[in-house]
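Visitor: Sequence:
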Amino acid sequence: MQQAGTGQPTHCPYCALQCAMTVTAGSHDGGARVDARDFPTNKGGLCRKGWSAAELLDHPDRLTAPLVRDAGGVLRETSWDTVLRLVSDRVRSIQARHGRDAVAVFGGGGLTNEKAYTLGKFARLALRTSRIDYNGRFCMSSAAAAGNRAFGVDRGLPFPLEDLGAASVVLLLGSNAADTMPPFIQHLRGAQAAGGLVVVDPRRSATARLTDQGRGVHLQHTPGTDLALLLGLAHVVVAEGLEDRRFLEARTTGSDDVARGLARWWPERVQGITGVPAASLRAVARLLAEGARRGADGGPGAYILTGRGIEQHADGTDTTTAAINLSLLLGLPGTAHSGYGTLTGQGNGQGGREHGQKSDQLPGYRKITDPVARAHVAAVWGVPEESIPGPGLPAVELLGTLGKPGGTRCLFVHGANVAVSAPDAASVIDGLRSLDLLVVSDFFLSETAALADVVLPVLQWAEEEGTVTNLEGRVLRRRPAVEPPPGARSELWIMQELARLLDAPSLFSEDPSTMFDELTRASAGGIADYSGLDYRVLDGGAPAYWPYPAGSTGTPRLFLDAFAHAGGRAVLVPVVPPADAAAARGPAPLLLATGRLLEHYQSGTQTRRVPALLAAQPSARLQIHPSTAQDLGITQGDPVVVTSRQGEARALADLTPDIRQDTVFLAFHFADAGSANRLTGSTTDPVSGMPEFKTTAVSVARLVPADPVRAVGLEVVA
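All residue numbers for the sequence shown refer to our numbering, where the first residue is 29 and numbers rise by one.
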């Protein structure tokens, strides 16, 4: 802990860019200051969320004592001893009546590596349940599944972010990085200067506008047609002989099968599906091939980057696979001057999916069904292998069991706000209300915490020790800079105490370095091997990219010699759009895409409490094209109701020509009547479990003035 007035180097609490910053504690009157710190990812920059992050540390809404709901339905403060005993007793009672899997855990991609690791261990050894998953299932699961089947490993960027700066061509699909991680766009300037930035997005977003004035190309396709568009680009590459045959023969398998399947995706056909002109498809394919050739010759190469826009679909794994296939046809991955990567979203979205809070994984990115992996982790934990439960349920399926016969009766939530972030949010809220016990750990009374039976106040980012892993697979130190409120506790301490009360075997410690050291041993030999790391190594300041096995200096660039599959080859997998994709959208005239705004982050629990950010974006606004709005009798600022099969949401109309006439856009940061996920459904990708967030069929109508929009009242009594 630093003295007041002394800066502590750490990293931003928000996105996976993990911008470096210095936090300086205030005087005895409280408060803290954030200053940007030069670092390869952010180069001294911060976005407005990062600049204002310290405002939340002493916010008046901060939870400072455990809350328990009384017989009258009011959350009242209580002592830690009382609340922990209550929770442990209720867990025992529920499991005695309904079985071990009646208790479930929902984690988050913002938890430190230590907390994510311990949470997985806590679920399996203290709660003795298989039912654990996390909100990264809504974020990175399709990219992870596609990366694993193509390369044998999932690391968002398998190269340092700085490598992008030397590129002449960057194809960016499904990411509005200019709003979601603004300092990132510094790394696109080389491609912009070469006229080689290509952005695929149904909206003319802030990122798409970076292609203006000859700096690149914006492909404004119909939502949900990303897979067809990628197949069209790959068709041109093969049809015109632009592929890298030497690379394909030496380093891949499956290219011939993929090439045969591309024959029917000629540009004119793809134009009819996507709305992107055939000439543009050919031009972009040739641009990529030119960049790939320059990179192969040691010059400024080409990169393909994907984001949630192409991944958050019921065919997200196949769509991401199509992007990887295109990159492999061009010979980009595993080379010195080109590559493929995916932009991880949450602050620890990478580390959070590596060490055991996913339903099908053990630490080190090991499969929970692998006997060798189970034996290794059991030995580290000092328990019999058979005491580790098998695979559980992915997030959407898990949330669908809440309160159902044979389903979840008790849920622990850490680092997530599922009442806002989960698809088909109204059904999820009903499920939360039907539980016998809902325990939420948070530092604010989020919409999920407001429904809880027990709320446990925890530490914020600048109050805790730990590590996170950024979008490049670089492990970073998070350091405490300010004192937490006296009543808040580390989640590691909470799990330690509950594990003791539940008579759990193995070690549970509130000390982050102790749990990190165990994490490294548990990960040893796994795909995400951290065994050569400890806090001393990380504090030395040298870049630490995983895999970082003992005795090594880490791996900044993956695949330079071999891919992670047996035999060392990458695998191209043939993919096609589902035959009934268009029919599944139903008869509604518009497609809704959800996403993020510059001013807010995730469910808005934090950013909606920062006055300047809330003032800039105070409520839900529906982006709609002026022509579409005119047809519907809607003008700028009108209140509108958006309706889908799942439900309805209310917003203010925001007319803009930057969106297609067949598309509307709603940010998912808002709650209650403005919640975008009241509209999205529970359909998921069959491989990854990713929900369909980007193409929901909706209708839009102007609200008459008499229609009320009411927020739900929440009462907390100290």
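It is possible that part of the hints are untrue.
[Unchecked claim] Using C-beta positions, here's what the derived DEER-type ranges look like: (1) 528 <-> 458: 33 to 43 Å; (2) 579 <-> 284: 37 to 47 Å; (3) 97 <-> 514: 20 to 30 Å; (4) 388 <-> 563: 27 to 37 Å; (5) 606 <-> 327: 51 to 61 Å; (6) 689 <-> 595: 31 to 41 Å; (7) 407 <-> 294: 49 to 59 Å; (8) 292 <-> 120: 54 to 64 Å; (9) 407 <-> 579: 50 to 60 Å; (10) 237 <-> 268: 43 to 53 Å; (11) 531 <-> 217: 53 to 63 Å; (12) 289 <-> 589: 25 to 35 Å; (13) 217 <-> 294: 32 to 42 Å; (14) 102 <-> 729: 36 to 46 Å.
Don't read these hints as lab results, they were simulated from the structure. Where a beta carbon is used, it is the ideal one built from N, C-alpha and C, also for glycine.
Visitor: Residue 97 and residue 514, beta-carbon distance inside 20 to 30 Å?
Guide: holds, 23 Å
Visitor: Cβ-Cβ distance between residue 531 and residue 217: within 53 to 63 Å?
Guide: About 57 Å separates the Cβ atoms of residue 531 and residue 217, which means 53 to 63 Å holds.
Visitor: Do the Cβ positions of residue 407 and residue 579 conform to the proposed distance bound of 50 to 60 Å?
Guide: violated, 20 Å
Visitor: For the pair residue 388 and residue 563, does the Cβ-Cβ distance stay inside 27 to 37 Å?
Guide: holds, 29 Å
Visitor: At the C-beta level, are residue 289 and residue 589 separated by a distance inside 25 to 35 Å?
Guide: holds, 29 Å
Visitor: If you check the beta carbons of residue 102 and residue 729, does the distance land in 36 to 46 Å?
Guide: Taking Cβ atoms as reference, residue 102 and residue 729 lie about 38 Å apart, which means the hint holds.
Visitor: Do residue 237 and residue 268 keep their Cβ atoms within the hinted range of 43 to 53 Å?
Guide: Since residue 237 and residue 268 have Cβ atoms about 30 Å apart, the given range 43 to 53 Å is violated.
Visitor: Is 31 to 41 Å right for how far apart the beta carbons of residue 689 and residue 595 are?
Guide: Violated, at about 49 Å.
Visitor: Look at the Cβ atoms of residue 407 and residue 294 and judge whether their distance stays inside 49 to 59 Å.
Guide: holds, 55 Å
Visitor: Holds or violated: the 37 to 47 Å window for the beta-carbon distance between residue 579 and residue 284?
Guide: holds, 40 Å
Visitor: Given a hinted range of 51 to 61 Å, is it respected by the beta-carbon distance of residue 606 and residue 327?
Guide: For residue 327 against residue 606, whose Cβ atoms are near 40 Å apart, the range 51 to 61 Å is violated.
Visitor: Do residue 217 and residue 294 keep their Cβ atoms within the hinted range of 32 to 42 Å?
Guide: holds, 34 Å
Figure legend: structure checked against the earlier numbered hints; hints not met, in rising order: 5, 6, 9, 10.
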